[in-house]
Amino acid sequence: MKTLPSKLFLLVLAALFIADSVKPVRAFSDFEKRALAQFPRFDLSSLIDNDYTKDLESYINDQFFGRDFWVSLKSSIETGLGKSENNGILLGSDHYLFEKNFTLPQQAILNIGYLKEFKELYADFPLTILLTPNSDAVYSEKLPVGTPQFDQIAQIKQWEDELGFLNVSDKLVQQKDSSLYYLSDHHWTLDGAYLAYQAVMESWGLIPMDLDSFDVKEVEGFLGTYYNKARPKDYPSETLGYIDPQIVSYLAGDKIHDSLIDKDALGSSDKYGAFLHGNHGYAQIIVRETLIPNRILVIKDSYANSLIPFLTSHFDVIDVVDLRHFNGSLKTLITGSDYKQILYLQNFNQFSLDVNVAKLRY
Amino acid sequence: MVFSSVLFVFKFLPIALLLLFLTPKRHRNAVLLALSLIFYAWGEVKYISIMFASIFIDYFCSNGIENHRDDKKRTRVYLSISILMNLGLLFFFKYSDFVIRSINLLFQSDLPLLNLTLPLGISFYTFQTMSYTFDVYRGNLKAERNIIDFGAFVCLFPQLIAGPIVTYGQIAKELKERVVTWAKFNDGVMLFLAGLASKVLLANNIGMLWDDVLLLGPQRISTLGAWLGLVAFGMQIYFDFSGYSLMAIGMGKMMGFEFPQNFNYPYISKSMTEFWSRWHMTLGTWFRDYVYIPLGGNRKGIKTQLRNLFIVWFLTGLWHGADYNFVLWGLYFFVLLTLEKLVLLKYFKNHPAVARSYFIVGILIGWAIFAIPDLSLLGSYLLVLFRFNPGLDWVYFLRNYALILVLCIVFSMPIINRLKKIRWMNPLLNLGMSIAFVIVVAYLVDSTYNPFLYFRF
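As they're listed, the protein sequences go chains D and V. Position one of the first sequence corresponds to residue 154 (my numbering), numbered consecutively onward. Position one of the second sequence corresponds to residue 611 (my numbering), numbered consecutively onward.
The set of hints was computed from the structure by calculation and includes no laboratory data. Misleading hints may appear alongside valid ones.
Calculated pairs, DSSO-like style, for lysine-lysine (alpha carbon to alpha carbon, straight line, at most 27 Å) [said to hold, decoys possible]:
id, chain 1, residue 1, chain 2, residue 2
1, V, K880, V, K786
2, D, K176, D, K207
3, D, K408, D, K370
4, V, K635, D, K160
5, D, K176, D, K382
6, V, K635, V, K656
7, V, K1031, D, K155
8, V, K635, V, K880
9, D, K253, D, K324
10, D, K408, D, K382
11, V, K752, V, K880
12, V, K959, V, K913
13, V, K794, D, K155
14, D, K272, D, K236
15, D, K272, D, K253
16, V, K683, V, K752
17, D, K382, D, K416
18, D, K207, D, K186
19, V, K951, D, K160
20, V, K794, D, K160
21, V, K1030, D, K155
22, D, K207, V, K656
23, D, K484, D, K272
24, D, K160, V, K959
Using the sequences plus the hints, can you model the full thing?
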């Protein structure tokens, strides 16, 4: 009887060992929304570089017997402890979820340098740079009490003053009563994107269209990336609004679409991915066929995906570059085309971690 | 390979146990050696050569001494080779960049750094092999003739990477003949699980508080937050380090070894002197037996004793990491321990509350020195502790970490040990351990935060 614990322990070890050896290997976890590590292929050089053992260990962890159960057990415990964060996501009031960021990453300093260089290099071009705050900065009062969150808005303001960026934070903060960001996702809502569109248009001396003049459609049941990381209990899903303006064609990667909205994605769990059919290194929207088209270039991250449809009212051709997937030369693109406007748009969190901003130099 | 991983607990350990029990007794050390080498090579494949070098050097030197007992000169040469090679390895891999940086600082030069990864556990096993050869030289031990048995001692995987420091004499008998009974095996399992829970549930979870505080830095942290951060770091390093030791001792028992105790509730101390008799006990013993006493200890007057203490604490600091703050940390304890020896301890005898407060503040400041290698950052951090800085970050920290902090404080006192003595409590404690183990598995599988603290040791 006294030695029962160790016998049980051996039994558990043996049972888990066998169960883990015979269970099927999964490629993707629906539960965590990510690809799982696969059995690494052996070669001597990866063994010597310690990559093989590392990969093998990720494989064992990702494919461990009952992984989904263990992951959800951990998240239940974390919430049960009354914690106001889980997996780097802060649980704010009124169901607001935020990304936890206490400091400015080093990469942001580098990236500001690249942006500055970029601005100087294309001083003769009609360039507008816009860094948008994230939800935690606009809705800071919803953060858990005392959260020493990094002050994005102050930082953006400082950069705006130094480098002449377009300010959109003020507008967002003033109008925050109409939900400008998703509670469960790291993106802004259609309303948020519309406000930024307004600010951009005004800065170019153009008259923005009324939001009512667009045919806004909605889809229910949206739960975003913050939700998937934090997995809070009893969480309400949200409505995702979008517009689907008339276009001639949309070239994204090697596919041509007749709409900016991926209808299949609207029905999937990655609903925001419907905008522009996701992110592509280079994409081109032909809004209307004209002899001398009015062209714009947007260099962007996924925040722009919900804003770009608004631009179809003002431009005939919209070129879209996402530096994360872009391997061409911006210089060739910009100097080779006659762009009326060039818009650089990124959200703060993405900008401050994105190593691809360096590609602005090529 | 680290203990607190799915790989170790659910793959390596079951295979290792199975192989060891299936192997006939006379081949067990060979299997143990092979397992230990795989364990060691897992994280840094190339460094396995250092392990082989370590084994061969001390095997060669100790047998050289044994074979030429009567030739004093020759034995001294063998001992010198061992010490030079061991300290050479340790110095090269651990301290060369430190020396280069110091030279650069002193002479404004620009010598390039080597940027070597520190071989896992090198500070532990070089100490073990060095003291072994020294013991053979002193005649306290007979040299091990079987290189397999000797190799198994040098890279014995349970205690290879984070102690306890086991001297050859302590396990010489068990290397030849080990008996595992169910009772002993059971004790081993319980210790292993306790250690695993310490590391995964307590140390990792409280460690995140310290990481947050460090991220904010002394410019933004409030005074209360800064103190909370130090408490968190103190708890993290204690449960991490003592957890590793418990896992080692537990696995040792499961295989038939008896490793020495390494931690004995250090935070209930009432002085630094007491703390160091309860914290990382095998390191203290090692420095006493192989540095302090050979230097003359306290037998040659107070002046020599103070010199010896200074040397021991300078080295103890440096052993914990190749940076100035670690030296400072060692000397900080030299000063406090000397003060205690000369005046404070007598006074503390009649003033336990004062002693306790002094100890708590003193140990927390010690942890600040230990945890912040950047000396200017350390300076501003110490300032924040004593110059009031308002702010509400502590509300956030308490909300997230109060419960885990309370658990840490409870488990840093000998409460479980007392409960164990009550007969009817035992099934409850076993149940508690089982629940803890299930939670451990969840945290191992979903391990977003599982730092390895001994990369500097």
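Checked hints:
no., hint, verdict
1, V:K880 - V:K786, "violated, 42 Å"
2, D:K176 - D:K207, "holds, 22 Å"
3, D:K408 - D:K370, "holds, 24 Å"
4, V:K635 - D:K160, "holds, 22 Å"
5, D:K176 - D:K382, "holds, 25 Å"
6, V:K635 - V:K656, "violated, 31 Å"
7, V:K1031 - D:K155, "holds, 14 Å"
8, V:K635 - V:K880, "violated, 47 Å"
9, D:K253 - D:K324, "holds, 23 Å"
10, D:K408 - D:K382, "violated, 31 Å"
11, V:K752 - V:K880, "violated, 41 Å"
12, V:K959 - V:K913, "holds, 25 Å"
13, V:K794 - D:K155, "holds, 11 Å"
14, D:K272 - D:K236, "violated, 43 Å"
15, D:K272 - D:K253, "violated, 30 Å"
16, V:K683 - V:K752, "holds, 18 Å"
17, D:K382 - D:K416, "holds, 25 Å"
18, D:K207 - D:K186, "holds, 22 Å"
19, V:K951 - D:K160, "violated, 49 Å"
20, V:K794 - D:K160, "holds, 12 Å"
21, V:K1030 - D:K155, "holds, 13 Å"
22, D:K207 - V:K656, "holds, 14 Å"
23, D:K484 - D:K272, "holds, 13 Å"
24, D:K160 - V:K959, "violated, 47 Å"
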